[in-house]
Every structure is written in structure tokens, then in C-alpha cells.
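Colleague: The residues making up each chain are set out below.
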Amino acid sequence: MRSFNYTRAEDVGNAVSQVAADKGAKFIAGGTNLLDLMKIQVMRPSRLVDITRLALDTIEETDDGGLRLGALVTNSDTAYHEQVEKRYPLLSHAILAGATAQLRNMATDGGNLLQRTRCYYFYDTDTPCNKREPGTGCSAIQGYNRDLAILGTSEHCIATHPSDMAVALAALEATVRVTGPNGERTIPLSEFHRLPGNTPHIDSNLGDDEIITAIDLPAKGFADHYTYIKLRDRASYAFALVSVAAALDMEGDTIKEARIALGGVAHKPWRKPEAEALLNGRQATRENFRKVAEAYIEGAKGYGDNDFKIELAKRAIVRALEQALEMEEKS
Amino acid sequence: MITNQIGKPANRVDGRAKVTGEAKYAAEFSAPDLTYGFVVSSAIAKGRIKSIDASQALQLDGVLQVFTHENRPGYIWGDKNYQDKDSPPGSPFRPLYDNEVQFSMQPIALVVADTFELARYAASLVKVEYVTQEFDTDFEANIGKAYVPEQYKSNPPPEPWGNPDEALASAAVKIETEYAHPSEHHNPMEMHASTVVWGDGGKMTIYDKVQGVQNSQQYIAKAFALPMEEVHVISPFVGGAFGSGLRPQYQLFLAVLAARELKRSVRVVLTRQQMFSFGHRPKTVQRFALGASTDGKLEAVMHDAFAETSKFEDYSENVVIWPGVLYHCDNVKVSHKLVALDVYTPLDMRAPGGATGIYALECAMDELAYKVGMDPLEFRLKNYSERDQNEDKPFSSKELRECYRQGAEKFGWNKRSKEPRSMREGHNLIGWGMAHGAWEATQKPAAAKAVLSADGKLTVSCATADIGTGTYTVMTQIAADTLGMPLEDVTFKLGDSSLPMSPLEGGSWTVSSVGSAVKAVCDKVGEKLLKLAQQMPGSPLASVTFKDIIFADGQIKLKNNPAQGVAVTDIINQGGFEGIEEDVSNEPDKGQSNYGRYAHSAVFVEVKVDEDLGTVKVTRVVSAIAGGRIMNPKTAKSQILGGVVWGIGMAMEEETVMDNNLGRFMNHDLDKYHVPVNADVHDIDVIFVEENDDIVNPIGAKGLGEIGIVSVAPAIANAVFHATGKRVRDLPITLDKAM
Ligand SMILES: Cc1cc2nc3c(=O)[nH]c(=O)nc-3n(C[C@H](O)[C@H](O)[C@H](O)COP(=O)(O)OP(=O)(O)OC[C@H]3O[C@@H](n4cnc5c(N)ncnc54)[C@H](O)[C@@H]3O)c2cc1C
Ligand code: SF4
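Protein sequence lines correspond, in order, to chains P and S. The numbering used here applies: residue 68 is where the first sequence begins, and numbers increase by one. The numbering used here applies: residue 391 is where the second sequence begins, and numbers increase by one.
Hints in this document: simulated from the structure, not taken from any laboratory. Don't be surprised by glycine CBs; every beta carbon is placed ideally from N, CA and C. Incorrect hints may have been included.
From chain S, some residues computed to sit far from chain P (all C-beta separations above 12 Å) [claimed, not checked]:
id, residue
1, S888
2, Q924
3, G965
4, E977
5, P1088
With a straight-line Cα cutoff of 35 Å, these simulated DSBU-like cross-link-like pairs (lysine-lysine) come out [what the hints assert, rightly or not]:
id, chain 1, residue 1, chain 2, residue 2
6, S, K847, S, K1116
7, P, K339, S, K1127
8, S, K440, S, K564
9, S, K727, P, K358
10, S, K564, P, K153
11, S, K847, S, K727
12, P, K106, S, K914
13, S, K883, S, K805
14, S, K1007, S, K937
15, P, K368, S, K1007
16, S, K1027, P, K358
17, S, K1062, P, K90
18, P, K358, S, K1007
19, S, K1116, S, K783
Covered stretches of chain S (in silico footprint by chain P; criterion: 3 or more residues with CB under 8 Å from a CB of chain P, positions within the stretch not fixed) [to be verified]:
id, segment
20, 1004 to 1011
21, 1021 to 1029
22, 1051 to 1064
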């Protein structure tokens, strides 16, 4: 085995100082992604700082009426938490659309945000991949790219972010609380992940020496009109080809506010508020939904195998909005 | 035969051992001072290894050796020594033979260390420089270079009959169509593994994951020029194989090589990724030209298959025999050509040639039925074949009509609305499709041994395998049934090369071949018992022959007066009984070859296709099987259920994707290579229709390992057409193709 140091963090400050002191260090939470990647030598941390004993495993109300999800709360505990189920069912549904019961029991909310892409080439150290080894090239652009991105891509990388949970969090406009050597800060979820640009090896805007302590949900949960649709190559236990988190705030037949976030199409959960705004104050009709879908996907670019995602994403948006409106037939 | 055991839904005799973890698999056997080998796989598809530098790996404490083509021992001889019982014509791959790379992920080195983790890490430190060469991995780009092999691995395609060109030209209704399916990998749960235990005087005991221990034994003996007695191969349990264990895989060779060089015990287990580095179901493209009369009588069939093989072996399977088996037609012409690529040689995978040929044929016939304007089931009834036209022979038995009848009734086929896109439910289009299929019912030579010991326990053995199919159970049932014993008193042994000769465990011929040998050897024990019984004072059996008796309830009884009998224990308890030991070497009856021998199936499927999103859900499957005598309805049903589930995977999910820039299969793990999960599987009904066949083999069973899969994918594809009006002609039918 490639040897590495293993240390346990006593508190958040200690966790941060341990990673700050060792450039090759990584936090380990549930380990469901990091350990897999270490076994195949895609990730080679010099030190694992175990954060599982930190007191970040509770869900609590915030002063502004929202909910704070501790970074170490498991995906299962989050999805089945009474307040989450009641007030943020979109989030519950998105989490439960991911992975399997066993994995969700281990996986943490913080780790979920930082899980790495599922691009085939990223996983195979014998192939060129800019994300894994900057400067080696991107095998996927000219290669097999069925699962990969159609929005926000660059000539260096077309990977997607695979999380389902993050898509719902993007729609709900959650914020990520982080702590670094210089103290605490918050990052809006939509700014947490990055586009690949010419630094595809950097997935997020979290500093190497920063730790996620919590995810804050704002008070508004869209519990009356929401849906999470996940389209994939089998009915369960597969990552999304396209997923849509949709939420509506209705006043009669009129839409007060619409939120849409897409998964499986970009290097980050995809939001396009200016397209969503087309629905505000409008009637909830199929025609209007289709208009938004067109606007939402405008500028998308296929790479061959994944061309179908462009039309699929539009149809999925329409379906998701319809389902959110009707509140039946969840898929 | 008195059926007090056969036909009963006995639980698996090895079930408890399996669920408690007591059953040991190849990588679970250990030895003192066991060492661990890890395979280094080639990063390129074709070229030469310029240099291979293992110095960094060797510096690690606990790394024992790194074997490469440079330091491999010198006793590796000509390629013919590497042939095994399932080798196609050609030159078998020789691991570490020289510096040539013939396919991506070719094993190019074996690192051996004190622990698995260390070997794996050290393998990552082996530095390889290559000289790359141009390679051909793009099937479509090479189809123009397809050729007829000098020799087919399986039978050559049947010769044409009638006058197909003319018949096609003059047919009132015709279609030309093409179907394709991708390469697929077997992906059994258990990875291929070999544990070689180094014994006194260099004797090796090898635990191997394989479908034929004697095949591994012979392969190793030949490749290493060893006497057969020095190679003992054991494989009591196999965690699935589906054909991947028909040939000894390279981990076996490498483990033996390392054990011999180091004089240590060595275990080599492949990674899941490396499970994609050897045999697979070959990609094929199949072209059809079909002609029929306006009332649906088939008048011409042309079926041309193009199938993937490697550059070093001509793998082929029976893709184009199915028109001659499944339809009556007076004018038929078929061909089978190979497309050689820089990949490892394809390998039989559950119903090789059948799953693929029948898929394409049944979809093409569905197209023709629509063109004629006939119900697909009616069309098949109209063109029902009463003879195996490939060889112009009658069938030994064929209850396919009964499969249609019972299957259609259970499914409710008569309520089907004919037009595509005519049934819906909300966003979902509903489609009903059907297909039929066949699989060879073969018997091979096999031997068996039976020992009845003084305590009344019977042990029967044969070197066959149980790859999860239920061989242990069914053989125990046959033996117990033949001698009228309870299952508990019978033990069946398999998976040991020192046991009596067995054919490879494949081709759905294990029950028929090994089962017939088991029955024969138990009959011999029975004859011995009768003789002993006749010597007993006042024996009621004194003047009868073997034909006049039956074995039941632990007794030998008079057939025409079952109240009269002698208990087997009494025979044993009389003085001087030292047990009975019998061997047989069983050959199939020559008369079998006068008949076409096949199991048949008819499969009916309902799908729901989301009209906008293209997602396909297989909501109902009815699979009706004519498989001869059903030895154990429980294990039999499991086989068919497994076949249906795999058919769902084949239709909608399975595909190993070749990156033609790298010449490498890219979705080489179970995250990205999809097989069905529970949520993909809904209602499945299995029907076994009654079928009596005393020609096919002495026990009348046809084998069920493969018939369960063959018609599932086409029935699904045909249902998708019925739902959507769209023909998807290449598998898998993923949502992008159906939307
Ligand atoms: C077979 C399989 C299928 C899956 N399917 C899905 C799916 O369908 N949908 C889906 O969304 N996900 C899926 N997942 C991914 C799963 O959700 C993630 O692996 C999991 O959420 C990661 O959480 P973890 O706690 O195990 O993270 P770890 O593996 O422990 O860590 C992941 C990364 O996050 C970092 N990290 C962890 N916690 C913190 C923190 N508090 N602060 C800073 N850095 C941190 C680690 O350093 C590491 O780099 C699947 C995973 C597997 C193995
Ligand atoms: S898409 Fe990104 S992750 Fe995939 S090969 Fe290209 S650079 Fe690597």
C-alpha cells in the first residue's frame, strides 16, 4: 500500500491546522469516494485527517428560520430528518435518488459536495486526463463522453459533478459554511463548485486548508411544489445523465417564483436564474415551461455521445415543472 | 426411473455453506507464507515494450520479484502448448512471452510481494516505456475487411438450400434490415483468481476459478511441460462465470509461474478493471434480407453475420444457425464472417451465438410480420418448423407450440392491440412484444465414480463444476433417485481434477452429460447390490433381473410387487460387505445424431416507454420453456429468472465501450458497465411446459443454462417498437435511442 499518515482531528481548528501544515493532506469523512480513489491511485494523499469525531453531526434551526445541516450528518440522516422531509422534501428526494442505502449511511453531507467526477478517464490512470494530471490532455472530448457535460465546458475538461444532493441544494439556494486558518466564511452553493476553465483539476472554491462545517438552508423550502427527476441508464444505482430539481412558488395558477437546477450536465450544479425568471408572474403552462427549457439550455454543446442530453435536458425540465405543479408521479 | 427425487424442488444442498460463508472460493484458500501477485496491465493497445523498469518496486521491503518478459523462465515453448479445450483456431495468447503488446490491458508483469496491498502499490511503481503502433479496434471501420476463417471454432455455417436469390426477388413482401449489438463482458461477481499452494517436492495444488478443473490442469501441464499428476486443480465453488471460466485465464498461468520460480505459494486475483482485459461476447452486425408471401409464408431468408475476433485467434460462434432451427423456409442462405481487431479473443458468454443470433433474427422477423400485417405470434405459427433444416433432421422433441399457447394465455396476448403506439397510460406508451428461441441440447462424454460405503452413505463424483447453476443439488438428486435413497445420504463431489473426467461446464450440457454418467454409475452400484441381495438366504429377489426391480425407500423392490423387497442396509449389514465402488465412462448414444436436439422458449414482454424521456421499463415478462424433463423446478426456475434478468440487461444496459483513440474498453468497472439492479426487474413468470424426450439423453433433460436468455432481448426490442413505433436496431436500447 502507498503509505500515508493518519491522524484524528480533535476540533475544527485542529483539523484546519493539520491540513494547513501538510500540503498533501486530505480530510476523510465517510470515505466512500476518497478511499475508492486512493485504491486506484487517482488520489494519493500524504495524510488523512479523520474528521468523523468532530461535533458537526447535528441538524439545527438557524436564526433566520432555516436549517443548518452539519457537515458530518450522513446523507441518510439528512434525507430522513423530520424537518428536512417536511420543509425541504426536494432535498430528501434528491439525496435518496443517489447511490444506495448502504452508501448513504456512510456518506456525509460535506463529503457529498466534494465527491469527484465519474468521468471514465479520470478513473483510469493509464489514460490522459487534465483533471487527474494537469497538462496531459482530455481524453473525453474526442473519446467516450456519454455521461459528460454539455454546459460550461472548456477545451480542457468536460466532466460533470455527479452529486444529486448538490443539485437540490443549488435550487434551494443553500450556503456552505467553511472554516479556514483565517476563520469562518460562507459560500453560496452556486459559487461553491467551479467550471473547469483551464484549471479542471480544481473542483471547488474551497481552499485546500478549509473545512466545510455546515450547509445552511434558507427558510423557504418550496415544500408545496417541487420535484427531483433523475434520468439514468438504469432505474437505480447509477449517476444521472440529466437530473432536474424544480421548485415552484404558486399563487393560484400564476408562478410567483420558479427554481430550476440541473445535474449531470456541467462541472457544477447548473443554475440559470435569468431563464427561471421568465416564469415569474406567468401562467404555469406547458408552452411556458418549454420556453424556459429552451432558454435554460441555450448555448449547450454536445461532444458526440452526449448530444442527446441537450434535448433530453429540455424535456426533463418541462416534465419536472409539470410534476412540481401537479405534485404527483414523482420519479 | 422412479421419480422420488427427480422433479422435486429440493433446496440447494450447498445453500447453507454458501450463505454462511463456509463455501470457499479460489481466492479464499490459503497457505503458510502465502505470497500475493498483482498484475501490471498494458497501457497501450498495440506496440512493443521498449523498457520495463521494476527497480523501484523491487527496492520495497517485502517485494519478492517482478516477473516480466525479460526475466521469465526459459521453459515457455511454442504457442500450441497454450491451447486449452476451448481455444479457437489460432495462436493462443502467451503471458509474458515477449515484448509485444497485442491488446490494451494485456498483462505485462506480475509483482509478487508479502501482502496484497504491497504488491498492488509496487505494481504502480513499475515503469514501462512503449513503442506504440497503429491499431484496429474500430469494428465499423474494419467491417470491410471481414473474412471467412480457414476454420470455424464452432460449426461452419450451414450450406444454403433452395434458391434464395430467386425466391427473394419474386417474394411479394420483402425487407432488408441490419441489427447490431456491442461487445459485452461476463462480469461474474467473483473475480478470476488462482491460489497456487506449493507443496513438498514441487507438487502444486491449485485453487482456480474456472468452469473446468481438468482444462486448467491440462493447460498448466502443457504450458509448463509437467506431468499431469503434478498438477492438481481444485475449484469447489465458483462465484458465477457465464463462460468467462471456460478458458483458463492468465492469472492462473502467472500464479503458477511465480510459484515455480519462487518455490512459494502464490495467489493472484484480478481487479474488476482487469476483468475487462480478456474474453468477452463479440460485437456483431447482422444483415438480413427476408421475403414472404402476402399471407405471411416465409419464402426467403438471407442472414449474414459479421463478428469481432482478435488478430491472433479466430473466435466464432453459432450465430446464423437459427433461421434453420426456428423457421420453416425452403430458400435459405447464411454466412458468418470475422472482423479481426486488436483486442483479446472473444469468449463464449451465456448462449454464445444464440443470445446474439436469435436477438437479431427475432427482431428482423418481427419487422417482416408487421410488413405482412400479421400478428407476430401468428406469423411464427404459420412458419413453424417441424424439422431442423440445417441438417435436415427431425427434432427429438419440440413443444414450442405449447410454449406459445401457455405463454400467450398467461400474458393475455390476445388482448393486444395490433398497431404500434396504440396503448398508453399517461406519459407512458405501452408495448407488447414476443420472440421465440432455441438452444442446443447436447450430451458430451463424461465419467463418474460412485462409492457406497459400509455405513450406507453414497458418494458420487465427477470433475465437473457448479458455477451457481445447482449442479451439486441436481446430481445428488439423480444419484439418490437412482438408488432410492434420501438426499441426506448422498454426497456429490466435483471441482477436483483428480475426479473422473468431465466436459467443460458450459453449453447447458452438464445435467445431460454428467447427469447421465451419474445415473449410469449408480445403476452399476444398483446391479452390484442386486447381486449381493440375491446371495442372501431366502432372497425374494433371487431369480429376478435388474429390469425387474426398482430402488425406492432404501429398498430394492420388485417392480410388479413393491411389497416384496430387501433393504439396502440389510445387504450392507450381512457379513463381509466392504462397500461398493464403481466407475463409468459414459458416451452419448450414437442414435442421437439422427435428430435435431434443442430446448425452446417463447417470451412475452410488456414495456412502458416514457414518450418524452425515453426511459424503458420492462413491467412484465412471461417466459415459457420447453426444456425436456425438469429435474428440480426450483433451481430450474432460478436459471430462467437469471436468464430473463440478463436479457433485460442485454436489451437495455450492457455495452462495453471501446475508445478507438486509445484502443481500450473504457467503462471497465461496475459503476460504468451496467447490469440490471432490482429496480429494473419487475414481474417475471416462468412456465415449464411438459416435454418428454427419450432420445436427447438417458435422463430426458435438455439443460436450462442458456435457453432462458435467448429470446428476452428481442422480445423487449419488439415490445419497444410496439410501444413507440420506433425500431431501435442496435443494443442496448438506452433512453436516448428510445426518446
Ligand atoms: C457506487 C457509488 C454510487 C454512488 N452513487 C451516487 C449517486 O447516484 N448520486 C450521488 O450524489 N452520489 C453518489 N455516490 C457518491 C456518494 O454520495 C459520495 O461518495 C459521498 O457523498 C461522499 O461522502 P463521504 O463522506 O463518504 O466523503 P469522503 O469520501 O470521505 O470524502 C470525499 C471528499 O470530500 C472531502 N471532505 C469530506 N468531508 C469534508 C469536509 N467536511 N470539509 C472539507 N472536505 C471534506 C474529502 O477530503 C474528500 O476529498 C456514489 C458513490 C458510490 C461509491
Ligand atoms: S473530461 Fe475532465 S475528467 Fe474527463 S478526461 Fe477530460 S479532463 Fe479528465
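Colleague: Hint by hint, note whether the structure agrees.
Modeller: Each hint tested on the structure:
1. S888: holds (38 Å)
2. Q924: The claim holds: Q924/S sits with its nearest Cβ about 63 Å from chain P, beyond 12 Å.
3. G965: holds (62 Å)
4. E977: holds (46 Å)
5. P1088: holds (43 Å)
6. K847/S x K1116/S: violated (61 Å)
7. K339/P x K1127/S: Between K339/P and K1127/S the Cα gap is close to 28 Å, so the pair holds against 35 Å.
8. K440/S x K564/S: Outside the cut-off at roughly 56 Å; violated.
9. K727/S x K358/P: violated (51 Å)
10. K564/S x K153/P: violated (61 Å)
11. K847/S x K727/S: Roughly 53 Å separates the two Cα atoms, so the pair is violated.
12. K106/P x K914/S: With a Cα-Cα distance of about 56 Å, the restraint between K106/P and K914/S is violated, given a limit of 35 Å.
13. K883/S x K805/S: violated (50 Å)
14. K1007/S x K937/S: Given that 35 Å is the threshold and the Cα spacing comes to 55 Å, the pair is violated.
15. K368/P x K1007/S: holds (29 Å)
16. K1027/S x K358/P: violated (51 Å)
17. K1062/S x K90/P: Within the cut-off at roughly 32 Å; holds.
18. K358/P x K1007/S: Holds: K358/P and K1007/S sit about 29 Å apart, inside 35 Å.
19. K1116/S x K783/S: Distance ~38 Å between K1116/S and K783/S Cα, so the pair is violated.
20. 1004 to 1011: holds (count 3)
21. 1021 to 1029: violated (count 0)
22. 1051 to 1064: Holds, because 10 residues of the segment 1051 to 1064 of chain S bring their Cβ atoms closer than 8 Å to Cβ atoms of chain P.
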